[in-house]
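A.B. asks: Taken in sequence, the protein lines are chains A and B.
Under our numbering, the residue at position 265 of the first sequence is numbered 866, and the numbers go up by one with no gaps.
Under our numbering, the residue at position 164 of the second sequence is numbered 188, and the numbers go up by one with no gaps.
Hint data in this document are derived by calculation from the structure and do not stem from the laboratory.
Do not take every clue at face value.
[Unchecked claim] Computed spacing ranges between beta-carbons, pair by pair:
| # | chain 1 | residue 1 | chain 2 | residue 2 | range |
| --- | --- | --- | --- | --- | --- |
| 1 | B | Gly110 | A | Ala698 | 54 to 64 Å |
| 2 | A | Asp754 | B | Val165 | 50 to 60 Å |
| 3 | B | Tyr184 | A | Asp633 | 22 to 32 Å |
| 4 | A | Asp753 | B | Glu39 | 42 to 52 Å |
| 5 | B | Glu39 | A | Thr927 | 34 to 44 Å |
| 6 | A | Pro614 | B | Arg71 | 53 to 63 Å |
We put the CB at the ideal spot given by N, CA and C, even for glycine.
Take a look at the letters that make up each chain.
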Amino acid sequence: MPSVSPTAGASLPGLSGLVLRRARLRLHRLQDELGALRAVYAEREDLPGLRTLVDAMKLLASEAERELVYQARASFARLQRGEDQEIEEKRFRGQVAGLIRAIENSLPSPMQLAREPHGREVEALIAPFSQMISRVMRRESVSMELIFEPSDDYSFQLSALHELKPVAERLGEGREAWAVMDKLPQLTVIAYPRHMEAETLMHAVMAHEIAHLAIDPICSRRNAREVAVAFDQAVQDRWRELELAIEGDQPVRALTDENVEESGSTVMDEHVAGLRKWYVELLCDTLAVALVGPAYPLALADLDAASNRWGQFREASHPGLTWRLTRSIDLAQTLYLDAAHEAGMVGEEWDALNDALRHMKEKLPEESDSIEVVEKEVVEQALNTIDPRRMVGEAFYEPKVLQSDLPIIWRKLVKGIPPAEKIALRSSDEELPAGVFEEPAGEIREPAGEIEELAGVIREPAGEIREPERWSWPICLPSIFNGAYAWWHAGKARQPEYEGGHRRLPDRPRALEDWLEFSELIRGTIELAALHERLWSEYERLDALNPPLAAPQLASI
Amino acid sequence: MLSGTEIKRRLLDHESGLAITPIIDVQQIGNASVDLRLGPDFIVTRRATGLAAFDPARVEEIERRVREYQDYVRRPVGSAFYLHPGEFAVARTLEYLTVPPGTAAQVDGRSSWGRLGLVIQTAPLIQPRFEGTVTLELANVGTVPLVLYVGLRVAQVMFYDLLTPPQSDSRGRHAADRAKGKRVMKQVPAGQVRRLKDRSSLNLP
Chain A
602 MPSVSPTAGA
612 SLPGLSGLVL
622 RRARLRLHRL
632 QDELGALRAV
642 YAEREDLPGL
652 RTLVDAMKLL
662 ASEAERELVY
672 QARASFARLQ
682 RGEDQEIEEK
692 RFRGQVAGLI
702 RAIENSLPSP
712 MQLAREPHGR
722 EVEALIAPFS
732 QMISRVMRRE
742 SVSMELIFEP
752 SDDYSFQLSA
762 LHELKPVAER
772 LGEGREAWAV
782 MDKLPQLTVI
792 AYPRHMEAET
802 LMHAVMAHEI
812 AHLAIDPICS
822 RRNAREVAVA
832 FDQAVQDRWR
842 ELELAIEGDQ
852 PVRALTDENV
862 EESGSTVMDE
872 HVAGLRKWYV
882 ELLCDTLAVA
892 LVGPAYPLAL
902 ADLDAASNRW
912 GQFREASHPG
922 LTWRLTRSID
932 LAQTLYLDAA
942 HEAGMVGEEW
952 DALNDALRHM
962 KEKLPEESDS
972 IEVVEKEVVE
982 QALNTIDPRR
992 MVGEAFYEPK
1002 VLQSDLPIIW
1012 RKLVKGIPPA
1022 EKIALRSSDE
1032 ELPAGVFEEP
1042 AGEIREPAGE
1052 IEELAGVIRE
1062 PAGEIREPER
1072 WSWPICLPSI
1082 FNGAYAWWHA
1092 GKARQPEYEG
1102 GHRRLPDRPR
1112 ALEDWLEFSE
1122 LIRGTIELAA
1132 LHERLWSEYE
1142 RLDALNPPLA
1152 APQLASI
Chain B
25 MLSGTEIKRR
35 LLDHESGLAI
45 TPIIDVQQIG
55 NASVDLRLGP
65 DFIVTRRATG
75 LAAFDPARVE
85 EIERRVREYQ
95 DYVRRPVGSA
105 FYLHPGEFAV
115 ARTLEYLTVP
125 PGTAAQVDGR
135 SSWGRLGLVI
145 QTAPLIQPRF
155 EGTVTLELAN
165 VGTVPLVLYV
175 GLRVAQVMFY
185 DLLTPPQSDS
195 RGRHAADRAK
205 GKRVMKQVPA
215 GQVRRLKDRS
225 SLNLP
């Protein structure tokens, strides 16, 4: 590196000096704004994703300025050595322009995420959905951070940091930014419709976006491959029929890579590519049911029922709602409600959930998508070869958990209690978590013994009596969604008009108020359950911090 | 006053109507009280540098003053909240309480924290039929800063059975609140509800 002053840029001749000064000014402005954002997020420990994003952008901006200064010094040194001024200036301006362009193309979107973070109403969902994503991606939660983005519709982005990669690449390998970027956690962005932020139950639809992650090649190459093979196989099996249906009596072509490469984009290729998109969306619906259970089709209907998307043209990004809901409802019925029925689960809560799905299915219009019957069969064939349980892995919402949790949630709602936890010491063991107990360190152990109601003690098989480790367990997010939907569809959350009250304005119908109030209760419930989970993981540290334990001498004052 | 054993029995009995959620460990239930933990939400009041006061005689100004001088702060479980000498913050318990009609409750600080100068609660009575998290008015009246961690056991609640049924029956105001399901998130002090709903004050920048 030449040994000249860092301000050598000021001495650059001609246009280069001006270019450098303007570029540095631009970067200073950017750094100022990022500095302000960083200060704002310094106290928001609960938003690690946004903090990481701002830190990454700040680092890149600093590195970009260092790079500019370095290039200016190098250019200055070359001019001192007598290189051609015109050629040198041109080279320098090209380098500066490339760097500034990379920043201006990459940063606006992540900057917007940081400038306008999610609202309070979705904050409670960050922890449980982060956990769900971690399980889907089979990664530790520390390496994945979730950002919610207020937007117009639900969507997902695997990593906000990918957008910053071009800047890091422009700076070149071996720079600090490159190394730091590689070590940053995965930042997953899930966008949601901002006007529906307070409608907490509807956010069960986010399971569809999380399902996209499950089949993304970056998260699981095996899943992505399996998804692709299933579709290709189905297309291959029905190729001749597809061709006849789509191209009529046109010459038959075998589906081979060579043919596709030779012919470029044919009508068949376009149709198959469109069909593949629908297949992926329908598969994500299937996986969403496996993630959150019957709540998914109910939430999807809430979201889209008024949108007139019952039947779609093949150019649409998603298939029609009739097809999507029919499949999702059928799967939820088979996987969860039929299983509960076989397990002898009966009661008002099960009737409510059953009725909600049944009524929804009965009301579905017969509109169909504008594709050929054989195309639909191809998609169905491919979908039927996928095992959703295996695809979502540890994030699978076990039917036994629903069977265990739904009656508890119902009973708590009857009593006006937020259904956030199940108590381990109740007289029956129906509130115990199904299967295993999870220890704070993440270890899993089998239940230690028979649990009885003995005023706060657990009797172990050996006959010894000890204090229980836990009073209660948090209820998981899918169970809360399902319990809440059952309660809502049973009409239990609806309140009668009070006699003598003022007439309500037409734009504030009772149902809307009830829906928002119930959403508020469920939002608080989800937050309580998440706090419970976090509290248990911090239990030992926090208990040690209590003054009687931390400072026993205080007792003798 | 209910003993710890009776509180435990009622908490285990669905029909009693008494609930404290979440309780992590049975050790939270003492001989005659239940320990409550510090929740994640705080409202901090900045020191006024101009001529300003919350004057109940000028109701229309209170809302504006609240906006000017109070900030909402949220901390995750396990993180620190610094309360400096002479400072005041409104917080809430992490636990959600449901109190049945025939029972009242009282929230108090824990003596160990009191010895350090922390005043926890200045409006301790909880009426029958209450549902929600309990507001804590935190003040450091000591001379050294206190570091509070979200999730620490800072307060305790005691329960009392009423000698006669409460005046308001199931059609009373409290019943209406109960029917509507007084919401978890609404159980923050007056003035803060407005702030909690104000996105600009919550979601920085």
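A.B. asks: Checking against the hints above, which ones are violated?
C.D. replies: 3
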